[in-house]
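Participant: Each chain, letter by letter, is given below.
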Amino acid sequence: MYSQKVIDHFMNPRNKGKLKDYDAVGKVGNPVCGDVMYIYIKVKDNRIEDIGWETMGCAAAIATSSMITELAKGKTLEEAEKITKKDIADALDGLPPIKMHCSNLAADGLKKAIENYKKGVKK
Amino acid sequence: MIYMDHSATTPVDKRVLEFMLPYFDKKYGNASSLHSMGQEAKKALEEAREKIAKVINADPSEIYFTSGGTESNNFAIKGIAFANKDKGKHIITTKIEHDCVLNTCKWLEKIGFEVTYLDVDRYGLIDSGVLEASLRDDTILVSIMHANNEIGTIQDMEEIGKIVGESNAYLHTDAVQSVTKIPIDVKKMNVDMLSISSHKIFGPKGVGCLYIRKGVKIDPLMHGGGHEGGLRSGTENIAGIAGFGEAMKIGEEERPRTMPRLEKLRDKIIDNVLKIDNTFLNGHPKKRLPINANFSFRFIEGESLVLLLDSRGIEASTGSACSSKSLEPSHVLLAIGLKPEDAHGSLRITLGKDNTEKDVDYLLKVLPEIVSELREMSPFKKDYGEFE
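Read top to bottom, the protein sequences are chains A and B. Using my numbering, you'd call the opening residue of the first sequence number 1 and step up by one each time. Using my numbering, you'd call the opening residue of the second sequence number 124 and step up by one each time.
By construction, these hints were calculated from the structure, which means they are not laboratory data. Heads up, some of the hints might be wrong.
Restricting the straight-line Cα-Cα distance to at most 27 Å, the calculated cross-link-like pairs of lysine-lysine (DSS-like) are [stated by the list, open to error]:
#1 B/Lys505 <-> A/Lys42
#2 A/Lys112 <-> A/Lys122
#3 A/Lys112 <-> B/Lys505
#4 B/Lys488 <-> B/Lys505
#5 B/Lys505 <-> A/Lys123
#6 B/Lys504 <-> A/Lys112
#7 A/Lys20 <-> B/Lys505
#8 B/Lys504 <-> A/Lys16
Kindly produce the complete structure, drawing on both the sequences and the hints.
Facilitator: Dropping the structure here:
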C-alpha cells in the first residue's frame with residue numbers, strides 16, 4: 001500500500017520533535033480526524049535554518065512530516081511557501097489516493113508556520 | 124512473525140488441510156452425481172453437516188452451507204425479509220453488527236423495509252428492555268450478533284432468545300466470532316438462525332454455513348439446481364466443506380483446553396497493557412471472548428501503531444479510520460461512546476491456539492516501547508490541549 005520511501009520516512013523519521021528554540025509554529029489537522037501536525041521553524045536571514053515537527057497520525061502523516069523537513073531546510077521563506085502537497089507526495093514516490101488530502105498536511109503546516117512567523121506570532 | 128489477529132482470519136489447521144486434500148484431486152466428485160465418486164462426495168458433505176450440527180446442538184438437516192459469514196448473514200436477513208414481507212416490514216438489529224449485516228439492513232431500508240438499530244452501552248451490551256419495547260406486531264426479524272468482532276463483547280443470547288421468542292419475529296445471530304471460543308447451543312439460545320464462518324476457526328476460507336431451524340419461512344438468495352434443500356443452489360464446495368466440518372470438530376474438542384489457556388494469556392496482556400498511562404480497555408471487562416483484547420492509547424493513531432508492531436514482528440489490527448476505506452473510525456468504538464480521537468488510537472489483539480506465553484511476553488516488551496515512541500512524536504502528551 002505504501003511506497004518504500006514512505007515506509008523509510010515512517011520508520012526513520014527525519015528531524016522529528018519540537019525545536020527547542022523555534023520562531024514560529026504551524027498547527028494543522030484535528031484529533032477527530034486522526035491527524036494533527038505541528039511544524040516548528042527557526043528562521044535566519046529569511047531562510048529556514050531549522051525545522052522540526054510533532055505529529056499524531058498514520059504512517060503517511062508521519063512520513064510527510066519527515067519529508068517536508070528535507071524539502072524545506074535551507075530554503076528561503078518564499079521558496080518554502082511554494083512547496084505543495086504534490087511536491088511532498090512526489091518526493092515520497094506517491095501516496096495512496098485516500099491519504100492525499102487527509103494525511104498530507106505538512107505543506108499546509110509549513111505555510112501556516114511561515115505566516116505566523118511573518119505576523120510575529122510564536123504560538 | 125507472531126500472529127495476533129485471529130478475529131480477522133486464522134491459518135488452516137494442518138490436520139484440517141490433510142483432511143481436505145483428497146477432495147481436490149482424488150475424491151473430486153459432484154455430490155449430485157449418482158456414481159461412486161459422487162456418492163463419496165455426498166458422504167463427505169453429510170459428515171461435515173453432522174459434525175457442525177453436533178457442535179451447536181442442531182439437527183444436521185438444519186445446516187445450510189454457504190460461501191462464508193457474509194453470505195450467511197445476507198441469506199438470513201434478506202431471506203427472511205423476502206419470505207415474510209407480507210407479515211411485516213420491520214427488522215431490529217444493533218449498531219455494532221458487522222458491516223455485512225448493517226449494509227444489508229441499509230439496503231433493505233432502500234427497498235421499503237424499516238430497521239431499528241439498537242444502541243449499546245459503554246461495554247457494547249444491548250438493553251434487553253429496549254429490545255422488548257422495540258418489538259412490534261410487524262417485526263419479522265431480530266438480528267443480534269453473539270460476540271462482537273472488534274471488542275469481543277458477548278451478548279446474553281439466552282435472554283434475547285426468551286424476549287424474541289414471545290414475539291412474532293424470527294431471531295438470527297451472527298456467531299462467526301464466538302463459535303469454538305464459547306459454548307453454543309441453538310436450543311438454549313432459542314435462535315432460529317445462526318451464522319458460522321470456517322476461516323475464523325482454523326478452517327479454509329470461502330465456506331461457512333447458516334443454521335436454519337426447521338420450519339422457518341425463508342427464501343433462497345441463490346436459485347438453481349436445488350442444492351441444500353433448494354435454499355442454496357450451486358455445486359457444493361466439498362473440499363472446503365469437509366475442511367470446515369473437521370475444523371469445527373477439532374475446535375470444539377479442544378475448546379476446553381485451549382480457551383482457558385488463551386484467556387489467561389489475554390488477561391496477562393490486559394493487566395500489563397493497562398499499566399501504560401492514558402490507556403484504556405474497550406469492551407466488557409468480563410463478558411468478552413477469551414481471545415480478545417482491545418485498547419485505546421490516547422494521543423497516537425492506530426495505523427502507525429499496527430505498522431510499527433508489524434515491523435517488530437507482531438501482527439494485530441486497529442479500528443482507526445486511517446486503516447479503513449471509509450475514513451471513518453470504527454462504528455463499534457463510536458457506538459460504545461468513544462470519542463473519534465480515542466477510536467483512532469485503538470488496537471485489537473486476538474489470540475489463537477498457536478500463541479504462547481513467550482509471544483505474549485514479547486508483545487508486552489515491544490508494545491509499551493512503540494506507544495512511547497509514537498507519543499514522543501505526538502504534539503499531545505497529557506491532553507488534547509486546545510482541541511479538548
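Participant: All hints are to be evaluated individually against the structure, with a verdict given for each.
Facilitator: Each hint, compared with the structure:
1. B/Lys505 <-> A/Lys42: 26 Å, holds
2. A/Lys112 <-> A/Lys122: At roughly 11 Å apart (the allowed maximum being 27 Å), A/Lys122 and A/Lys112 satisfy the hint.
3. A/Lys112 <-> B/Lys505: Cα-Cα ~24 Å, so holds.
4. B/Lys488 <-> B/Lys505: 23 Å, holds
5. B/Lys505 <-> A/Lys123: Status holds; Cα separation ~18 Å.
6. B/Lys504 <-> A/Lys112: Given that 27 Å is the threshold and the Cα spacing comes to 22 Å, the pair holds.
7. A/Lys20 <-> B/Lys505: 19 Å, holds
8. B/Lys504 <-> A/Lys16: Distance of about 15 Å is within 27 Å: holds.
The structure fails none of the hints (numbered hints given earlier).
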